Amino acid sequence: MDPSAVAGTQAGTDGREARLLLGLDFAGTYVFAVEGAIAAIAGGLDPLGVLVLSFATALGGGILRDLLIGATPPNSIRDERYALVAFAGGATVLFLHRFVTDVPPLLLVTLDAAGLSLFAIAGARKALDFGLRPLMAVLMAAITGSGGGTLRDLFLTHVPTVLRADIYAVAAMTGAFVMVGGQRLGWPSRTMALVGGASCFALRMVSVWRGWNLPHFP
Amino acid sequence: MDPSAVAGTQAGTDGREARLLLGLDFAGTYVFAVEGAIAAIAGGLDPLGVLVLSFATALGGGILRDLLIGATPPNSIRDERYALVAFAGGATVLFLHRFVTDVPPLLLVTLDAAGLSLFAIAGARKALDFGLRPLMAVLMAAITGSGGGTLRDLFLTHVPTVLRADIYAVAAMTGAFVMVGGQRLGWPSRTMALVGGASCFALRMVSVWRGWNLPHFP
Amino acid sequence: MDPSAVAGTQAGTDGREARLLLGLDFAGTYVFAVEGAIAAIAGGLDPLGVLVLSFATALGGGILRDLLIGATPPNSIRDERYALVAFAGGATVLFLHRFVTDVPPLLLVTLDAAGLSLFAIAGARKALDFGLRPLMAVLMAAITGSGGGTLRDLFLTHVPTVLRADIYAVAAMTGAFVMVGGQRLGWPSRTMALVGGASCFALRMVSVWRGWNLPHFP
Numbered sequence: 004m005d006p007s008a009v010a011g012t013q014a015g016t017d018g019r020e021a022r023l024l025l026g027l028d029f030a031g032t033y034v035f036a037v038e039g040a041i042a043a044i045a046g047g048l049d050p051l052g053v054l055v056l057s058f059a060t061a062l063g064g065g066i067l068r069d070l071l072i073g074a075t076p077p078n079s080i081r082d083e084r085y086a087l088v089a090f091a092g093g094a095t096v097l098f099l100h101r102f103v104t105d106v107p108p109l110l111l112v113t114l115d116a117a118g119l120s121l122f123a124i125a126g127a128r129k130a131l132d133f134g135l136r137p138l139m140a141v142l143m144a145a146i147t148g149s150g151g152g153t154l155r156d157l158f159l160t161h162v163p164t165v166l167r168a169d170i171y172a173v174a175a176m177t178g179a180f181v182m183v184g185g186q187r188l189g190w191p192s193r194t195m196a197l198v199g200g201a202s203c204f205a206l207r208m209v210s211v212w213r214g215w216n217l218p219h220f221p
Numbered sequence: 004m005d006p007s008a009v010a011g012t013q014a015g016t017d018g019r020e021a022r023l024l025l026g027l028d029f030a031g032t033y034v035f036a037v038e039g040a041i042a043a044i045a046g047g048l049d050p051l052g053v054l055v056l057s058f059a060t061a062l063g064g065g066i067l068r069d070l071l072i073g074a075t076p077p078n079s080i081r082d083e084r085y086a087l088v089a090f091a092g093g094a095t096v097l098f099l100h101r102f103v104t105d106v107p108p109l110l111l112v113t114l115d116a117a118g119l120s121l122f123a124i125a126g127a128r129k130a131l132d133f134g135l136r137p138l139m140a141v142l143m144a145a146i147t148g149s150g151g152g153t154l155r156d157l158f159l160t161h162v163p164t165v166l167r168a169d170i171y172a173v174a175a176m177t178g179a180f181v182m183v184g185g186q187r188l189g190w191p192s193r194t195m196a197l198v199g200g201a202s203c204f205a206l207r208m209v210s211v212w213r214g215w216n217l218p219h220f221p
Numbered sequence: 004m005d006p007s008a009v010a011g012t013q014a015g016t017d018g019r020e021a022r023l024l025l026g027l028d029f030a031g032t033y034v035f036a037v038e039g040a041i042a043a044i045a046g047g048l049d050p051l052g053v054l055v056l057s058f059a060t061a062l063g064g065g066i067l068r069d070l071l072i073g074a075t076p077p078n079s080i081r082d083e084r085y086a087l088v089a090f091a092g093g094a095t096v097l098f099l100h101r102f103v104t105d106v107p108p109l110l111l112v113t114l115d116a117a118g119l120s121l122f123a124i125a126g127a128r129k130a131l132d133f134g135l136r137p138l139m140a141v142l143m144a145a146i147t148g149s150g151g152g153t154l155r156d157l158f159l160t161h162v163p164t165v166l167r168a169d170i171y172a173v174a175a176m177t178g179a180f181v182m183v184g185g186q187r188l189g190w191p192s193r194t195m196a197l198v199g200g201a202s203c204f205a206l207r208m209v210s211v212w213r214g215w216n217l218p219h220f221p
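Protein chains in written order, with our numbering: chain W, 4 to 221; chain F, 4 to 221; chain U, 4 to 221.
Any given hint might turn out to be false.
[What the hints assert, rightly or not] The following label-pair restraints were derived from C-beta to C-beta distances:
#1 U:Arg187 <-> W:Ala45: 50 to 60 Å
#2 F:Ala201 <-> W:Leu110: 39 to 49 Å
#3 W:Phe98 <-> F:Gly184: 21 to 31 Å
#4 U:Arg213 <-> F:Ala91: 44 to 54 Å
#5 W:Thr113 <-> U:Leu138: 29 to 39 Å
[What the hints assert, rightly or not] Away from chain F, derived, C-beta distances all over 12 Å, residues of chain W:
#6 Asp105
#7 Asp115
#8 Asp132
#9 Ala168
#10 Arg213
Keep in mind the hints are simulated off the structure, nothing from the lab.
This structure is a prediction, so every number in the text was calculated from the model and none was measured.
Every residue, glycine too, gets a C-beta built ideally from N, C-alpha and C.
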């Protein structure tokens, strides 16, 4: 659930595409911050706790990825706009809590899946830019996409949902695998990023629609 | 609750002030280590667990801050005296447990508030020294001051107190905000550090005295 | 429980010894990954959670140590073979769960103690190689050896076993202390590594056999 990689992966793109990516990045940050804040209020946290969970849910995955790949200080620590967007998401929930709970679940799930796709692809690309091997880049997609939600669950002393149910990190890794695999076959980088992101989004949405989980072992 | 920033922020101060700051830094480390050890014993940990919680409570916030701002290895990993002071705090509780529980709560709260103020100011200054933006420096004050206690709570599988109740991280951020804001207005750096620290201390003490919490939302 | 240090500490050893150490390193990684996967299944995680806990248990301690000593990106992020070995351990448990539960506990305990000894010694040596002081190197032995298991417990929202019972991190620190102490006395480095590792292994095995715990305070 962390977008902060996007701005770091614009090498070679023109200014307009860079601005588009940055805008999408902030949009994803905002969505995940809102989700973190909703969980914080459900968990009985105070307003500071709500803002902390907004920040951790939205930016924790990307910060963890940046620490692991050696991109320090992490992008969302250097660029304060990420924190501002995350806090805006938390403040939205604090001040408009009644309206936020009226948002249709399907809309939240769809926006979350879009954000997951963006962050998975951006996370894998940044890992490759920092010289990581393809397998590790795919793992970094999962960490970028689900690390923030894992932190959120740990702060609330829940076993992280991503380890127990749903198709979430697997969707992130599938998208990254498609992108990285295509690039290795020499297919155009930008196209494969789009195809990878679409794969992640489609798998996540279908799995929610169908109620898919990974099979549990006895 | 982490002081290890102090020694890293002495540029431009003379040797005597540096020694004073280092002494205060160790004193704060000791106080937070004692608090971590008391929580560890209440949580049923063994002596190793007590020492680990002393270390994590006293130094975890500063270590986390140093990792985030790119100051690696963290100051309290490089300088072994911090670990020695933290373990001394843990050992005090292990061997003098009966006496430690007789310490008046108000004394512990006061010492803790003094340490919080010191570490918040030192954490914000170190973040600025490493080129972080003012907003992020204020956040680093909160992480330096309350990161160790958060780690302590997570090790004991409690939802961190700082996210649920009290005015604690908010006091740290208030102090840092006063200092950073004053410096941006061109006021003298050392004076603003003192005023910021005093603001943090006063807000923390008044909030304990009055039983203040942040307002909870329905 | 993390071995990834071993490959980083081969300076001055010939190729054959390097290959032996790397093989032992992978063997230890595999054993701890199996243990992480068993705990994950007992905790009701799905297959993704099983693989995540394999990775975290086997490699988390070494990753944490590398972040703390400034060896970024961590060895087991750079070299994808560690992840592959960890996932192989997790997959073994997923597909051969019935057989794994038939493994005699004493065998698992013995293999775990051997891995602990290897990782403690390797962790302390790597810390010394990165310029840490002897006390901190001994602490890094404990983090390398027990950090992964601590992460595993936190993901399952258990208070980490290493903080509550058994002689585990203490065995790691004893072995590292013997090695570091001997080297400071000028005794041959390779011999002291073997003696230190043997001390850790012996203390761990005897403590399991005798049911030793650290004394709890009232």
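Evaluated hints:
1. U:Arg187 <-> W:Ala45: 50 to 60 Å: Hint holds: Cβ distance 54 Å, inside 50 to 60 Å.
2. F:Ala201 <-> W:Leu110: 39 to 49 Å: Given a distance of about 48 Å, which is inside 39 to 49 Å, the answer is holds.
3. W:Phe98 <-> F:Gly184: 21 to 31 Å: The hinted range 21 to 31 Å holds for Phe98 (chain W) and Gly184 (chain F), with Cβ atoms some 24 Å apart.
4. U:Arg213 <-> F:Ala91: 44 to 54 Å: For Ala91 (chain F) against Arg213 (chain U), whose Cβ atoms are near 30 Å apart, the range 44 to 54 Å is violated.
5. W:Thr113 <-> U:Leu138: 29 to 39 Å: violated (53 Å)
6. Asp105: Given a closest Cβ separation of 15 Å, the condition holds.
7. Asp115: Fine: 22 Å to the nearest Cβ keeps Asp115 (chain W) off the interface.
8. Asp132: Consistent with the label, Asp132 (chain W) stays out of reach of chain F, its closest Cβ about 18 Å off (over 12 Å).
9. Ala168: At about 21 Å from chain F, Ala168 (chain W) clears the 12 Å cut-off, so the statement holds.
10. Arg213: holds (33 Å)
When each numbered hint is compared with the structure, violations occur for hints 4 and 5.
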